[in-house]
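Using the sequences and the accompanying hints, generate a full structural model.
Here is how the chains run, residue by residue.
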Amino acid sequence: MAGGMNGKAPLAHPAVWRAGQLGHGAVRALGSHHPALDAELPGHGWPLGMLTELICREAGIGELRLLVPVLRQLTNERRIVVLLGPPLLPYAPALADFGIDLDYLVVVDAPRPADRLWAIEQALRSANFGALLAWLPQAHTRPEHLRRLQSAAHGTTGPVFVFRELPAQMEPSPAPLRLLLLPQPADRLSVQILKRRGPVLGKPLSIELPRPGSALPLRQRPAEARARRPAPSRADDFLPARPGPHGALLN
Amino acid sequence: MLWLALHFPDLSLEVFERAAPALPGPGGSPLPLAVCDHRHVLLPNAPAREAGITRGMRRASAQALLPTLRLVERDPARERAALESLGHWALQFTPSVSFPQVSPAPGGSPGGADGAGRGRRTGPGQAAPPATLPAGLVLEVEPSLRLFGGSQSLLARVRAGLGLLGYRATCAIAPTASGAWLLARHHDGIEVRDPGALRRRLDALPVTLLAAAGPHLATLESIGIRRIGQLDALPRAGIARRFDPALLDEIDRARGRRPEVHAWLRAPAEFSGRLDLLARVTAVEPLLFAARRLLGELAAWLAARQAAVRRFVLNLRHEDGGSTPVEVRLADPGREIDRLFGVLRERLAGFRLPAPVETLELACTEVLPLPGDSGSLLPSAASARHSLGQLLERLQARLGRDQVRRLHLVADHRPESAWRASTLERLPAVEPDVARNRKAPTGGKGTPAGMPQAPAGVVEPGVLPRPLWLLREPLRLAERSGQPWWGTPLALLAGPERIETGWWDQSLVQRDYFIAEDAHHVLYWIYRERTATAGASPGWFMQGRFG
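Note that the protein sequences, when read in sequence, are chains A and B.
Numbers in our numbering are just positions in the first sequence, counted from 1, shifted up by 1.
Numbers in our numbering are just positions in the second sequence, counted from 1, shifted up by 35.
Keep in mind that the hints were calculated from the coordinates and are not lab data.
Note that the structure is a prediction, hence the values are computed from the model and not measured.
All residues carry an ideal CB built from backbone N, CA and C; glycine is no exception.
A couple of the hints might just be wrong.
What the hints assert, rightly or not - So the derived list for chain B, only partly shown, Cβ under 8 Å to chain A, looks like this:
#1 L430
#2 Q438
#3 P463
#4 P502
#5 L506
#6 G582
What the hints assert, rightly or not - Sample of chain A residues at the chain B side, in silico, Cβ under 10 Å:
#7 E59
#8 A60
#9 I81
#10 L85
#11 P94
#12 L103
#13 Y105
#14 Q123
#15 A124
#16 P184
#17 D188
#18 L190
Okay, here's the thing in structure tokens:
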């Protein structure tokens, strides 16, 4: 079929794509284990050799849980995952509960912004990690820092995730993939793709976050919970706690 | 046998100058410096020569000609130490290294390290100088030529290495050691392979090069003997009687008619390097320059002993006698100078010197045997691990050793104690053939001690799942109308899980844990302190976040 007639026919060269299509061919990618997300990412997964910006209001809304499946895959393949400048302490029992091998996880703290940017650039240049998760210092990151990091990220063999705070969504950035993450009820995360190699995605995706191996289904929403929660001072406080039908809370 | 001789004509000056690239003089221009003995100038440096100072000038005239000239007394002890360390440095090229054999003349002629053979200034009234080493080395290089790719490439490496250490040498290659030594002192870069060519070359050399000819130069000149060839043509018995049997000895050794005896140098069992700085150093940059010289010697010693270093200490000695040790550790043992220097530079970035530094000392404490790698065409997993190890050691050098950590599980019910972080010492295995079979416990090589495998559900069933993030300190929450409050009311979604433990080590924990959600749908891990225990009053606290 002549490709010129039908605008939807694939182009000859993999590195060229039409504006209305996702640019799959030029990007090496690592699957994110979220099918709804992979369908909308160029290359069907987290891109390698470039920065992926994840913007969220604060730490702990679910951004790390989004990456847990790919971290589990990488650490089980004996590739090293580096967490650079995490805002809070990564909690080892929870990570192990998700199946991440702690031997292959390295946590680097760099309190000063200049040191942290230097460390991120050094890590990108060494280029042999499984994945790099870096939290950029908000007030000290300028566009030229990001350009430098983006050019240093060429040739990395693992995905590079850069976490930034909400004001960053208004600033321009050279990262080819930018996602805005907002929490949703019932263990879901709203992922809005701000920028990607392909057409603009109008509505955000709602991704279900993974649960740990020992996860229990959470109860329904607040009205019911308020009715059940223990009041501050009651005689129950002095009873020994045990799992099971103790108010049917743990089921 | 093929010998490479190295002659260091400027050794007396280089032992002072090599610690700094260019000593700053008055007005910012390079400092003119000259080495002298108690009466005459021996060796001026380049800025001094440009100003007109020459060798042999009296001290007073030199000082009058150039008031900014700095004169330093020649230091034979320092030269000797430098020659020995150069000898140990040369052991990386061949195991047969020695000082050139110079037969001592009975008149006490200065055949020593002041430029042997040019001893015009020996007069009858001068005392015999102490026995000094000739300022050079001879190396037996024939077996090494193949490894280093030929004589020219070996010479290039030698010159580059000496440049790194701060010395300049003139080199010559000849079939005998004494012949090479004479040729090196005459001219740089002569290479002679064949004994006949050596004879012709030696015949053309001036007799002033012979160490034993020192006291007799005037006599030789008066009878018209200027070249070694002419001296060799004279009757041997006459020379021995009239001049010195050592002269004949020297010529015979150079020609190969007489065997040479060498005292081979051995690499010391432990490395220790020392560099005295001529000017007091207060900034880190000049310190790094000088430290690079010492690291060059360390790298050569490691190469000679086929070892690699894991930890070394650079001791900065101050003028008041105190010293500041700077310890550098490497994640993987190594011996390339660029890598050692890179880690040292990161370690000293931002380092504040407590006092001006006068002397640097380098001691190497952890040394492991490490044969060289054989080259490989394809990048391997070993090289990938290598570069990641270098990244981590660079990060540790600059950020601090404790900032690069690994996480471990601890069997404790108290959440803040159920984990610990430890400084990253060694990278985990990356190669796929290391026996850590995850799929089925083969019972052979098990997991490293104290590190449980990560099965599904480390947390016991029946308890709440744990959050991915832990706050550094539990955060007290306000309470409104009986409900915990953090910006918005927190609704309790799961719980309570009662943790009451730790009575044995003073950090008693009596808490009910809940999973709570705020109005923005963020999940928190909060607890309620049941009673007033040491350091905690009753109330709601937030300890972690899910996500």
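Taking the hints in turn, this is what the structure says about them:
Given the 8 Å rule on beta carbons, the hint for L430 (chain B) holds: about 6 Å separates it from the nearest Cβ of chain A. The beta carbon of Q438 (chain B) is positioned within 8 Å of a beta carbon in chain A (closest approach about 5 Å), and the interface hint is therefore held. With a cut of 8 Å, the hint placing P463 (chain B) at the interface with chain A holds, because the nearest CB-to-CB distance is about 5 Å. Below 8 Å, beta-carbon pairs count as interface contacts, and P502 (chain B) has one with chain A at about 6 Å; its hint therefore holds.
About 6 Å separates the beta-carbon of L506 (chain B) from the nearest beta-carbon of chain A, less than 8 Å, and the hint is met. The beta carbon of G582 (chain B) comes within 4 Å of a beta carbon in chain A, closer than 8 Å, and the hint placing it at the interface holds. This hint holds: E59 (chain A) has a C-beta 8 Å from the nearest C-beta of chain B, less than the 10 Å allowed. With a least beta-carbon distance of about 6 Å to chain B, the hint placing A60 (chain A) at the interface is held under the 10 Å criterion.
Contact between I81 (chain A) and chain B, as hinted, is supported at the beta carbon level, the nearest pair being about 6 Å apart and thus within 10 Å. With a least beta-carbon distance of about 9 Å to chain B, the hint placing L85 (chain A) at the interface is held under the 10 Å criterion. Taken as an interface hint, P94 (chain A) checks out: its beta carbon lies about 5 Å from the nearest beta carbon of chain B, inside 10 Å. With 10 Å as the threshold, the beta carbon of L103 (chain A) comes within range of chain B, its nearest partner Cβ sitting at about 5 Å, so the hint holds.
With 10 Å as the threshold, the beta carbon of Y105 (chain A) comes within range of chain B, its nearest partner Cβ sitting at about 6 Å, so the hint holds. Taking 10 Å as the C-beta contact cut-off toward chain B, the hint placing Q123 (chain A) at the interface holds, the least distance being around 6 Å. Of the supplied interface hints, the one on A124 (chain A) holds, with its beta-carbon coming within about 6 Å of a beta-carbon of chain B, less than 10 Å. Of the supplied interface hints, the one on P184 (chain A) holds, with its beta-carbon coming within about 4 Å of a beta-carbon of chain B, less than 10 Å.
Interface restraint check for D188 (chain A): the shortest CB-CB distance to chain B comes to about 8 Å, inside 10 Å, so the restraint holds. Because the closest C-beta pair between L190 (chain A) and chain B is about 8 Å apart, less than 10 Å, the hint holds.
When held up to the earlier numbered hints, the structure conflicts with none and fits them all.
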